[in-house]
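Start from the sequences, fold in the hints, and give me the full structure.
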Amino acid sequence: MQKLLLLGDEAIAQGALDAGLSGIYAYPGTPSTEITEFVQKSKFARENNIHCQWSSNEKTAMETALGMSYAGKRAMVCMKHVGLNVAADPFINSAITGANGGLIVVAADDPSMHSSQNEQDSRFFGKFALIPILEPSNQQEAYDMVHYGFDLSEKYLVPVLMRITTRMAHSRAGVVTREVRNQNEMHLPSDLQQFVLLPSIARKRYKKLLNNQPRFIEASENSPFNTYFDGSDKSMGLIVCGLAQNYLRENYPEGEIPHPVLKIGQYPLPRKLIEKMADVCDEILVIEDGYPLIEELIKGYLGRGLKVKGRLDGTIPREGELNPNIVAVALGLEDTCGLPVPDLMVSRPPSLCAGCPHIDSYNALQETLDILPEGRVFSDIGCYTLGALKPYEAINSCVDMGASITMAKGAADAGMIPSAAVIGDSTFTHSGMTGLLDAVHEKSPITVLILDNATTAMTGGQESHAAGRLEDICKGLGVEEEHVRVLRPLRKYHEENVRIIKEELAYHGVSVIIPRRECIVTIDKRMREKFKKKKA
Amino acid sequence: MKKDIILAGVGGQGILSIAAVIGYAALEEGMYLKQSEVHGMSQRGGDVMSNLRISHEEIASDLIPFGKADLIIAVEPLESLRYLPYLSNEGWLISASKPLENIPNYPEIEVVLDAIRGIPHHIILDADVMAKDAGSAKASNIVVLGAASLFLGMEFSKLEAAVNYIFNGKGEDIVNLNLRALRAGKEFVDHNQE
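Residue numbers (our numbering), protein chains in the order written: chain A, 1 to 536; chain B, 1 to 194.
Warning: the hint list may mix true and false statements.
[To be verified] The calculated DSS-like cross-link candidates involving lysine-lysine, where the alpha carbons are at most 27 Å apart (straight line), are:
no., chain 1, residue 1, chain 2, residue 2
1, A, Lys43, B, Lys170
2, A, Lys533, B, Lys138
3, A, Lys155, A, Lys127
4, A, Lys534, B, Lys170
5, B, Lys3, A, Lys3
6, A, Lys127, A, Lys208
7, B, Lys138, A, Lys532
8, A, Lys234, A, Lys263
9, B, Lys158, A, Lys3
10, B, Lys170, A, Lys41
11, A, Lys492, A, Lys502
12, A, Lys272, A, Lys307
13, A, Lys272, A, Lys155
14, B, Lys158, B, Lys138
15, A, Lys525, B, Lys98
16, A, Lys272, A, Lys127
17, A, Lys263, A, Lys309
18, A, Lys525, B, Lys132
19, A, Lys208, A, Lys272
20, B, Lys170, A, Lys3
21, B, Lys2, A, Lys3
22, A, Lys533, B, Lys170
23, A, Lys41, A, Lys525
24, A, Lys530, A, Lys41
25, A, Lys530, B, Lys132
26, A, Lys525, B, Lys138
27, A, Lys443, A, Lys475
28, A, Lys534, B, Lys132
29, B, Lys68, A, Lys263
30, A, Lys41, A, Lys532
31, B, Lys170, A, Lys530
32, A, Lys530, B, Lys138
33, B, Lys132, A, Lys533
34, B, Lys138, A, Lys534
35, B, Lys132, A, Lys532
36, A, Lys204, A, Lys127
37, B, Lys98, A, Lys390
38, A, Lys525, B, Lys170
39, A, Lys532, B, Lys170
40, A, Lys443, A, Lys502
Think of the hints as simulated: they come from the structure by calculation, not from any bench. All figures in this text were calculated on a predicted structure; none of them were measured in a lab.
Rendered as structure tokens:
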């Protein structure tokens, strides 16, 4: 037993290592990245041969983890909330096949959109898949829930979803660890057809999943993570989940909360505990980060016209992450505030680093915009998305991983010719390749710029699966060799780069231009490490 | 003892190193700690902040309520003002004076500094110059921490030990640089505050 100071993400990773993990699978995505990175840096993981390399995307990660579970070992797959959209197909179907070795899917939601394009609530995905969900309220629980989650998964032979939020992922606190458990021995499912989702078999598997629902509810009712605290003031009962519990307690510094409180850490909802609260309280206030999931559910399923307050009736704002002040206002307690922000304040958005290769790529691209219909450019998700802001204002879309290429194709289909897409190397191998194949198949007049900085930069410089393979991938997909062009995005080659982009925009077919120069941040990191080694 | 601290700066300025030093010292004191950090997009030159809470009692919330922070420690003057709604009436604002002008509409620096001077309890120090005197401008974050050290309710030697521990992996030179930076910040306040 040891006390460690860990981020929520790190607590999950440490929990997995101590609970007999055999492999972690993920594609980097804020705020989930540090879970996998922690395992990658772990000496224990190296010594025990725990798999921890990055996957190409969340779908391949989910499927690979399912394969490890098939082989009887414990696997974890981690992603940001929108990554679960990418992995949705194997995720939903893994609930039908069921698991063999313990399988935990961690989805990190981003309420308030600190680093994301939406604030979707992954609990809906868990409910949709009909599997148990765990939601920690602090780092210790995050650690403990991994052990518990693997047991739950192996008891019911079902994947378990663990839902966290940015604030949970990136907040640090003390965690007491427990004894390390061995990895599972390889053991294959005894039923040869368990994972064969042919309709006739899938119907049986689905029935089994449905039949397990009452057991999942019972497990929630007896879960150590679902707790009912009585309170004398029954005019209102409080249901809290995740960090909401902490914000609630912050508002009662003396420790005594006057109302009954039901703290939820495991789903499906513990029906008996909610009925217990509904029996004695006049109304219920639900305080939850994300969408009003609990609020909607208890309004419906109790079927007794209970008064429920929360995000839907405006007691709590409909969007954005919770904080102690929002909870205070919802409870009718005094709001607090310090000094006002002076009028001189201006915003300071993130920006491309000085010396970033994307700057040279955008400078060259901008000189060719007059060739493009109204100068419009489709783009994607990565550091280069910052090219949408001043001073570049060079791109006009950022939707989901890989969408730049396919949107450019669709726009070309509609007559926007030529059509240009800007995508990063890692985003391209994540989800851009299949779209490029569509364009090649129809010889669409699009020009794709794959900005190759040799890393997954936005999330902190993880290795890119595109490294050393980009030209071969493009040619292999059928892009003509003479229309795969490699540039050096440096100021001294500016004129030449502009000329090449213009040439390819003029070509009525698929072109790929690869401006290639390593990310300035990863060079810096690499050089420092080299220098350190030399010194040592 | 309980201290609620907002750390503010621009991505890459080293506010997480300040948090790591205070955090280590607090844990050595047997205190509880909660620290909420910013990772991801904002680290690319955007505004970043961290909520750091240390206490001998258990801590409930990961976030500090508005109007309850004992300290704002800022490594950049404009950023020091961004989080004023968190500062309590008795709270102190400690900020480095050198602006980081990576935006086209950065306000006049004198106007920014005047706004800081208008706050009841404040300390402005030229951490950049003091860090250079200590050996490198990169240690200006630790100079600011040194200036804040008097308000942390901890013995200074505990912070020195924490600097030793946190920078140990980077070699003796870096440890000594940061120790000089920490002391320079403290001495500035010793000489200028009565």
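Do the hints match the structure? See the list:
no.	hint	result
1	A:Lys43 x B:Lys170	holds, 20 Å
2	A:Lys533 x B:Lys138	holds, 21 Å
3	A:Lys155 x A:Lys127	holds, 19 Å
4	A:Lys534 x B:Lys170	holds, 13 Å
5	B:Lys3 x A:Lys3	holds, 21 Å
6	A:Lys127 x A:Lys208	holds, 16 Å
7	B:Lys138 x A:Lys532	holds, 17 Å
8	A:Lys234 x A:Lys263	holds, 16 Å
9	B:Lys158 x A:Lys3	holds, 20 Å
10	B:Lys170 x A:Lys41	holds, 17 Å
11	A:Lys492 x A:Lys502	holds, 18 Å
12	A:Lys272 x A:Lys307	holds, 18 Å
13	A:Lys272 x A:Lys155	holds, 22 Å
14	B:Lys158 x B:Lys138	holds, 22 Å
15	A:Lys525 x B:Lys98	holds, 26 Å
16	A:Lys272 x A:Lys127	holds, 18 Å
17	A:Lys263 x A:Lys309	holds, 16 Å
18	A:Lys525 x B:Lys132	holds, 23 Å
19	A:Lys208 x A:Lys272	holds, 23 Å
20	B:Lys170 x A:Lys3	holds, 24 Å
21	B:Lys2 x A:Lys3	holds, 21 Å
22	A:Lys533 x B:Lys170	holds, 11 Å
23	A:Lys41 x A:Lys525	holds, 16 Å
24	A:Lys530 x A:Lys41	holds, 18 Å
25	A:Lys530 x B:Lys132	holds, 25 Å
26	A:Lys525 x B:Lys138	holds, 16 Å
27	A:Lys443 x A:Lys475	holds, 14 Å
28	A:Lys534 x B:Lys132	holds, 26 Å
29	B:Lys68 x A:Lys263	holds, 26 Å
30	A:Lys41 x A:Lys532	holds, 18 Å
31	B:Lys170 x A:Lys530	holds, 13 Å
32	A:Lys530 x B:Lys138	holds, 20 Å
33	B:Lys132 x A:Lys533	holds, 26 Å
34	B:Lys138 x A:Lys534	holds, 22 Å
35	B:Lys132 x A:Lys532	holds, 22 Å
36	A:Lys204 x A:Lys127	holds, 20 Å
37	B:Lys98 x A:Lys390	holds, 24 Å
38	A:Lys525 x B:Lys170	holds, 14 Å
39	A:Lys532 x B:Lys170	holds, 8 Å
40	A:Lys443 x A:Lys502	holds, 18 Å
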